[in-house]
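A.B. asks: Below are the chains, spelled out letter by letter.
There are 4 protein chains.
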Amino acid sequence: MYLASDNAAPAAEEVLQALARANAGASAPYGRDEPTRRVEAMFSELFGREVGVFLVTTGTAANALALAQITPPWGAAIGHAEAHVMHDECGAPEFFTAGAKIVGVPGLDGRMTADGLKALLARDFWTPPTHVAPAAVTISQATEAGTLYRPAEISAIADVAKAHGLRVHMDGARFANAAAATGAAPAELTWRSGVEILSFGFTKNGAMAAEAVIVFAEDLVKNLAERRKRGGHLWSKGRFIAAQVEALLENGLWLDLAARANATAGRLAAGLESRGLRLAFPVEANEVFVWLPPSADDALRAAGAAFYAWSSESIAPERSGRVGDRLARLICSFATPDDDIAAFLAVIDRERVA
Amino acid sequence: MYLASDNAAPAAEEVLQALARANAGASAPYGRDEPTRRVEAMFSELFGREVGVFLVTTGTAANALALAQITPPWGAAIGHAEAHVMHDECGAPEFFTAGAKIVGVPGLDGRMTADGLKALLARDFWTPPTHVAPAAVTISQATEAGTLYRPAEISAIADVAKAHGLRVHMDGARFANAAAATGAAPAELTWRSGVEILSFGFTKNGAMAAEAVIVFAEDLVKNLAERRKRGGHLWSKGRFIAAQVEALLENGLWLDLAARANATAGRLAAGLESRGLRLAFPVEANEVFVWLPPSADDALRAAGAAFYAWSSESIAPERSGRVGDRLARLICSFATPDDDIAAFLAVIDRERVA
Amino acid sequence: MYLASDNAAPAAEEVLQALARANAGASAPYGRDEPTRRVEAMFSELFGREVGVFLVTTGTAANALALAQITPPWGAAIGHAEAHVMHDECGAPEFFTAGAKIVGVPGLDGRMTADGLKALLARDFWTPPTHVAPAAVTISQATEAGTLYRPAEISAIADVAKAHGLRVHMDGARFANAAAATGAAPAELTWRSGVEILSFGFTKNGAMAAEAVIVFAEDLVKNLAERRKRGGHLWSKGRFIAAQVEALLENGLWLDLAARANATAGRLAAGLESRGLRLAFPVEANEVFVWLPPSADDALRAAGAAFYAWSSESIAPERSGRVGDRLARLICSFATPDDDIAAFLAVIDRERVA
Amino acid sequence: MYLASDNAAPAAEEVLQALARANAGASAPYGRDEPTRRVEAMFSELFGREVGVFLVTTGTAANALALAQITPPWGAAIGHAEAHVMHDECGAPEFFTAGAKIVGVPGLDGRMTADGLKALLARDFWTPPTHVAPAAVTISQATEAGTLYRPAEISAIADVAKAHGLRVHMDGARFANAAAATGAAPAELTWRSGVEILSFGFTKNGAMAAEAVIVFAEDLVKNLAERRKRGGHLWSKGRFIAAQVEALLENGLWLDLAARANATAGRLAAGLESRGLRLAFPVEANEVFVWLPPSADDALRAAGAAFYAWSSESIAPERSGRVGDRLARLICSFATPDDDIAAFLAVIDRERVA
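As given, the protein sequences belong to chains A, B, C and D, one line each in that order. Mapping of the first sequence onto the working numbering: position 346 corresponds to residue 346, and the numbering continues sequentially without gaps. Mapping of the second sequence onto the working numbering: position 100 corresponds to residue 100, and the numbering continues sequentially without gaps. Mapping of the third sequence onto the working numbering: position 43 corresponds to residue 43, and the numbering continues sequentially without gaps. Mapping of the fourth sequence onto the working numbering: position 28 corresponds to residue 28, and the numbering continues sequentially without gaps.
Since the hints were derived computationally from the structure, they do not count as laboratory data. Be aware that one or more of the hints could be misleading.
Copies of the same chain look alike in the list, so a pair counts if it works inside one copy or between any two.
[As the list claims (entries may be wrong)] Straight line, CA to CA, 27 Å or less: simulated DSSO-like cross-link-like pairs of lysine-lysine:
(1) 118 to 162
(2) 222 to 162
(3) 222 to 118
These figures come from a predicted structure and were not determined experimentally.
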């Protein structure tokens, strides 16, 4: 019953096999290898246009590099107040940007809105050179609340951004889950809706460690290679990142795995709700936030379930917990066994009877 | 005939197998996994003392993190004038140190000497706060010239360093080659000789991508975890770095592979010398620097040999080339086929006859 | 009627005279001059203990240097959500700290409270190395709302800080106004209440450009000289900063000038209130925040009054404006002519009659 | 006999008077004042074209800001190996550029040559993203050796720079001395010869503390205001920097003062040579580097003369000292009394007789 994070999952078998296949003979280093070439072409095909591709191995690196491309040291990158880039990367965006500000805007269900962004930009502390200049917007897809942005919502945010001269980044650590859940084309979820640079995550979705910075806006390719090298993120044996990504992109494996994770989360959520438990956020991808009575929480942990206690200021009033309830975050991966879900719900059943 | 770098080698089979073994079920993320625990213990045993272990996946990251631990922004890290950290990491040390200076000291055969270091430290531009303060020494083992430091040489440098309050780093991207070639114990090559923090490379020696920052000086552990996270170098699925390292440390595989690379280089060097070609540096590990007549250089490239043209100001006068000669760097890895060496020499033979 | 800021004031006559006196013959550069020596002694006497003194010429430099001494790149400095260091220094603290986070805590009347700080520190995103570590607290004295902290309030905040291992900074850009208004001894307002490093501002209070970073905690002296030099803030002709400070410290001129500014603000506030206008914050030093009906605002501006339109989320409900009212910030300096206050109030009188 | 540096001089009387004149009533802060406006116009007139003007108060700040405008973090700024920006600013250029490299090129008499630059650029470690990219050239006028660049030399260097895509900075901490000595028009010494951004120093030449970053290349104005603010170098009471500069620009006072310093140095040099002492560099501006026999050195110091012992690898063989000689750096300012020169030479006379 490991539901603490999808990053605890193993790699997909196909990924391991691809690594083995790639492990033959000498290969030009530093991304000049064949698998990297192929992956670049696959991304361009996937997105229906030429894109820049920069492979790295952590989401933190992908986000920090992407944000550094669009946020000068005296600029601000604006995201949802509870976004991963705000809190969970130990200041990596500040490091890679050489000291920019990462500014949060509140919003229900973990989602920033175009109106919220507009309101923030209308505030009066953006006068250079006294203040930092708003430079970038970063949209988490899926959000830290496990919710999604539809293309129209992304467009609305990007329109506000563009009207103010801001560049648009998407933190797609769980982009696959979003794509699988919405059924929207990758192009619709990104560049057609105004996204200019994307952190496309594979690690949580079946890779060992692979993330791609995908660049849609041509001018944002410049010097990204230098930033990556300087950050220590250019692998010499680049084929071993590319092989992972290739395996996942092939035949839509990435979407299959994400759909599986989403479906498992959906079953878990349904099971919880049918047992009278309240969900703090709509379950739209592979994350479930549920209010647990202390006794259920305790019983689950006693039974060995692993999950995080959570807190959020982004919960809609009608979804708030009862007094004493504890908020739990449950994340399903492509590899979460159905048995774990059943066992998890069984603990709750037992606890309610008791 | 790929002799451009050992980083073009594949991974060792044992490493691939270890990845497959590690790929089972959920595992605590961010280095809290079992393989990482085991690897930490293995390093402590290998070095004969408690050490701090921080796994990353590039040598640039390992060096930059290590140097940042020992060089404040207003400090200088001193290394050989042609060291990798000086030139080949796109300023990663400057980035991770927040703008320290990396200062070169010349020395024959790619080696810094205790006297050279002493002379540099005696120069008159180290008066704070006008000047940056010398803070660290970084020793490349093996050097960019493929030469080695013996324990006594390391001690001599470290003694000068300590007398001036400098901390001592070793860039061991090819530490395995040095250990295999000298037969010296890892402890002798490091902490017993005054090294306080080590970048221990595995990537060039059979890993897919794995490097360990090994910390001997207890006070240098502090905040290294934060630096690694902030640099985007903390893998969520940490077991997959650890598994690589474990496979290489087990039963001394790392030494076997390095010895194989060294031996291949030795055969190549002998073959070149026996054909009347001059070596620019003594061949002590897995790198061969040879002066090629233009015709030989051209013939080799025409035959498909891959290697770098080189230049160095560190060559002993008696080892300089003849007028017109071109300096070539040839690196052998554990996976360099004997046939490649034979083919390489055969081209030279054919060219001499012609 | 220039009430936009006290930084628009000229320098005090005594300061100009001191500069002229200091302008005689050669003098050792870089702070090794006599006036600097004397000023150091004066500060130690003023604070009743040995202190470290680092003169610079802008409040931004003083704050950024001080915060960099106490906040590592992976740390957070916590201050009031509307503090100057948060918004008005173009990211200077982020720059000098090499990318730390500056985190805001809300609080009424521009003041952080010990409880607010405690609540923030109890939040769940301070787990290293995922999150940045809270490292410092910065207290603005006077606040951006023109309000003050009494020694007991400072102590309460510092106690929370210390219990959590945080260092304590005071941004005293208007420290003189606070000292004059409270009558508290400088020692009471700082180190006796737990402040470890202080930005002591003179520029707004009669200097041309002079600020002192005063260090109470001995360990915080280390490397501040290097930071200042590296930031370009070490003057060669240091006597000309020192002379300004000396003139202001002599015979308590700094307190006299601040008291004059405070008194002028007090008269202005009383005049506004007696005319039925509501103040948004208690007037405790030299700043007045008043709700103006649009017609009054327009009339004042038409009459040539210079002041900033303001906004704040820190206003107590009972002090909020009437619908349509505009919030104005009025700052008095030691040099604000009484006639300006009279003229300002006269415009309001005329406008009310009309 | 204070000859240690021209930065030990007082301010010119005219500067003090200008400060007093500027000290009247309220003035818009942050460089929006009248004196700043006037100074901007004066610079445009002086250089015979529109220029961007950014006033600061230290040469270190001016240089670091200018270099940051033209050198990205993954770039290199190239200057003479003994230039001030290399060694004497505690890494300020590295700080403001966020970790660029400052690379030295050797050259006789403290001067970089076009050929030296070309040779450096032809070296083989400039391949991105492995290596940092050469981005900027910085020319010190006058050099650390007190020598000058003529317009043709500047043009030659700038031509090489431009051919390689490098931007051109001039560190004009002693630009006035160079202009006075060469008689060349400021335009000839800068933009007409390819200089794109200039640190124009006034502090050593009669100001209290005033330096101007002068921007000739229009695209280099962008974000310089933000860099200055963020570095803590934007004065609120900007009129007090501007007033200094205005006083010096008015009626060519800056040239008169510099000419006086140069003439004094010329007399000193002639006196030394006529006494059989050898100069290490040609005396072209206000600095004299002389080889002193130890007895003369000791006698001068005993007599209270203040000057620096020096060393340089840039001395022409025919100008090297006799065995045992000590190299002394003597700098004259506009305020160096003739009596000091006479007294200095008298000590030498006495010592020779003895």
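A.B. asks: Hint by hint, say whether it matches the structure.
C.D. replies: Going down the list of hints, with the structure as the test:
1. 118 to 162: This pair counts as within: shortest intra-copy Cα distance 11 Å, inter-copy 39 Å.
2. 222 to 162: both (20 Å within a copy, 20 Å between copies)
3. 222 to 118: between (29 Å within a copy, 26 Å between copies)
The structure agrees with every numbered hint stated previously.
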